[in-house]
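Chemist: As a plain string of letters, each chain reads:
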Amino acid sequence: MKYNGEHLFYGELGHGFAVLSFVASLVATIAFFKASRNNLLAEQKSWIKLARTAFFIETICVFGIFLTLYYIISNHYHEYYYAWNHSSRSLEKKYLFASFWEGQEGSFMLWNIWHCVLGWILIWRAKKWEAPVLMVISFAQVCIATMLLGIYFFGAKVGSNPFALLRNELNAPVLFTNPDYLQFPKIYEGNDLNALLQNYWMVIHPPVLFLGFASTIVPFAYAIGGLVKNDHSWTKYAIPWAAFSGAVLATGIMMGAAWAYESLTFGGYWVWDPVENASLVPWIMMIAGLHTNLVYKSSGYSLKSTYIFYILSFTLVLYSTFLTRSGILGDTSVHAFTEQDMTTQLVCFILIFFIPAMVLYFYRSKKIPTIHKEENTYSREFWMFIGALVLCLSSIIITAKTSIPVYNKIFGTNVAEPEDPVFSYNQIQVFIAIIIGVLTAITQYFKYKNTSKNVFYKKILTPTIIALAISLCISFFGNINYDVKGAGFMVAIHIAMFAAVYGVVANFAYIWIGLKGKMKSAGASIAHIGFALALMGIIISSSRKAVLSENTTGIALLQKSKDYDPAENITLFKGIKTDMGKYDVTYTRDTFNTSNHKKYFELQFISKDGKDKFNVYPDVIKNNKGQEGNSANPDKKHYWNRDIFVYVSAMQNGTTDDTSKFRPVDMKAGDSVFYSNGVIILNSVVKNADSLNKKLLPGEVGIGMNMTVITKDGREYKAMPVVALKDNQLRNIPDTVIAQSLIIKFNKLADADGGKIELGIKEDQSIQDIITLKVYQFPFINVLWIGIIIMVTGFILSIIQRVRTMASIKSSKKRILVAEKIKA
Amino acid sequence: MKKTHIVALVLIAIAIATLISFMGDVTTYETIASAKQKPGKFVNLIAKMDKSQPMNYDPVKNPNYLTFTAIDTLGNSIEVVYHNSKPTDMEKSERLVLKGKVEDGKFECKDILLKCPSKYKDDANANAKNVSASVQ
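So the sequence lines, in the order shown, correspond to chains E and V. Take the first sequence: its letter number 185 is residue 185 in this note's numbering, and every next letter is one higher. Take the second sequence: its letter number 24 is residue 24 in this note's numbering, and every next letter is one higher.
Bound conformation, chain V alone:
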């Protein structure tokens, strides 16, 4: 067996080991109900803001504190605490990806990813709504 083959095999083995250990690190998407079952575990929630509940953000008092209630498509809701500035447009967003963990019945959020009606995306429906509203 050639040396290059041995090195190649070793490297491939390392790569596979890396990917397997990576699979151990990955997290999962959960619903609010299933996330509540796993307190302390880092999960991703797909939800949106419940606009009927109050949102608390006062940059004067503390720019790094935001609380609101998230609701998912199954209708479950949870209070979210986010120690950072409020992402612009969060209220508008139809879909929030919340990364964090459930602690004491609250969702301690580490990162919020916004799925806006359009970011780079051309959302034909949003465009139509936007224009039609201005016509009527």
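Excised from the complex, chain E in its bound form:
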């Protein structure tokens, strides 16, 4: 059958690129391998030339796939499943990138692209390490390329083709009997991008995170190259790369946390969700590797552990790919990613790197130089090694806990997370934080090899006293009483607070005590300050997170217990001020924004003392992709020391189909009448008053009924229905008391002599606009964000410093060589 309006060329082009990229990266792998094994210079050069050509073609292909798919999505060629399924015509332009990486093919492409970029930097800089390092990277490219193939190989489907056609993917035979199927509204419009992902963080978080993931391969590739060549000089080149990886991965992870904080309603930035853990663990391992690498460079110790940490860090990236993409996390994660059946392929992806790496390591391990003399306790390398070991164990513990679904799959058990999963992580990691915080503080005060005890204690004394003083102040006056989990945990939190403060103060002091204020070489200290600040932010914001939206409707909840208070939602009626602890909150109005399909609510917060008044605008976006209901986006009021975090947990739109009728009542001034929730009093009939005249048009005369509504619980509302007269024409202006769903209007004069009038009273049966609200307070959350920014800055400074020193060493060597030649 011939279908109308399809653009089949682009799909063939894209898939052609995908297949070619697979072949080119395979050629590059083999050629780089040959080059790394060949000792003859001429032959090596020709292999390198071939390899670079293949890698160049590979790069063109990878960018080709990316651009083709982007072209398809941005032009809304919905004959392609990917474009149809992840975007829509009404989607805002800026989210087109987000729809690009909503599916797993798009995120694999990101990974591919970053590998290419990193590969070219290495070809440019790595010199003799180019061949072995690029061999590993090219091989990873081969593996990722298979994920995008989508072809059948001996009956098994390998990968998933992002250029697959809608009519081949969607099981809707009736639809595709029509040659104009693209014109059907649902096809034409597109299946849209998931509502949760329509957020600006989702445009930048995945590229940064994937750069972080991709960069972990560089130290790994250096390590493999070192094992293959039995040459350990790679370690000095790997340091800036490991620092780079640490900086980018941290940024990517925290952008994800910011996204969770901004747009998800988990109630925070971190909940130890398996997907979050999976991205954190490789970072921790990379930091451990970076530190042992520094130890080896300065003291000759810890070479073996450097190998292990770099291998594990990359393996954990592969493992996290498996966890998040195989669908195995189904029951434990709030983020449930795709469930395309690629499990086998993903497991192979891990093993094909991990097993050869470990075999190679054990094969070489006898030849890896180790120092048998013991490290001095008063040496930097000793404490750095301990720190790295603690980091490694922390990441192993987190991985072991996150892997519960994997055990269930392998052993057929039915184990689930503990009752309070977040606490089960926190209670362990708080001790890790204490150890790492203190080590971060003291370790730089030790010198490599040996430090004189007196000098060490003398230098560390002042920062210790200052840190102790500050943290005691915070402990006593900071109001940290997180006793929900018992006294023991609270003590641990206070100690962790000290450790974090100690980390900040000691590293800050070290810039002057140890480095004499030389900012150029202060990268490590600055990164440590940032890390410790982030720890501080985490401890304060999570131990003092408070729920503000406590239920004040007066309905007692018996189940409320010491460690479990579920009554965290408050109901608001449109236009009615509601008591919420420290604040009175009013849901004033709402608007629907047609360009981003979000419904915004305006909520007015007025503090009880009247000093603070602000509006917040949380919104909801209608769910798409066949889901009903709405996804809520929080809004925040930022203060320098806290955030008020508000989101709409449920909503109900008012209905207009109202069937109740006006009830006629005869009244005269002073009379009262009951209604279902209280009493209505007619105070007086006014003929000339400001409040009356405001409602009249020019030339009208009118009378107003001045009324008071008193509810059962004693609240009072004013009402003034009006009747206006002009040229023998009556105009009725009813008045409403929204809070009581009451409408009152004038009917007629009942008994002109007695001053009796007939009023119509209607109790509106329609439902009002209602929202339920959840409000949290996060104190000092900014400390966390600032800490991360400082840490990343520190990383960047130290990378610059290292690259500069390496360059200057090289040029000075050259100068010496030239000088010797001249002499000769």
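Hints listed in this document are in silico derivations from the structure and should not be mistaken for laboratory results. The hints are all genuine.
Have a look at the derived ranges for each label pair, beta carbon to beta carbon: (1) V:Ile16 - E:Ser595: 49 to 59 Å; (2) E:Asp584 - V:Lys41: 38 to 48 Å; (3) V:Gly105 - E:Lys545: 29 to 39 Å; (4) E:Glu189 - V:Lys38: 44 to 54 Å; (5) V:Thr28 - E:Phe362: 32 to 42 Å; (6) E:Gln183 - V:Lys41: 55 to 65 Å; (7) E:Ala487 - V:Lys2: 34 to 44 Å; (8) V:Ile16 - E:Ala819: 54 to 64 Å.
Ideal Cβ positions, reconstructed from N, Cα and C, are used throughout, including at glycine.
Once you have looked at the hints, place chain V on chain E.
Modeler: Relative to chain E, chain V alone:
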């Protein structure tokens, strides 16, 4: 033996102890029938909402009170009480993970995890159903 080795061994021992104690904390997935056998024990149920039974949620009266009946694949059912706001889309969800414990024959739920037809997931069947319905 080197000091670093001793420290390493101690730390590894602590890590193992931690994980063992963690194994003591973990809970289990149960069927409704087996959960009823263990009142008071924190369990995870995999079930879905029984739409033939009434669901009670009135945010006007109390936004933190939801009751409904859950039914599992074996056909057993139990009344669920959840002291929080109703998760959007709960009726649509094919699979609910209910965390809580059985008390007095009712399931006191602490947390509900929704397995929606699609969250990030591309469910080809759901998509097909969705589109076909609009065509016919």
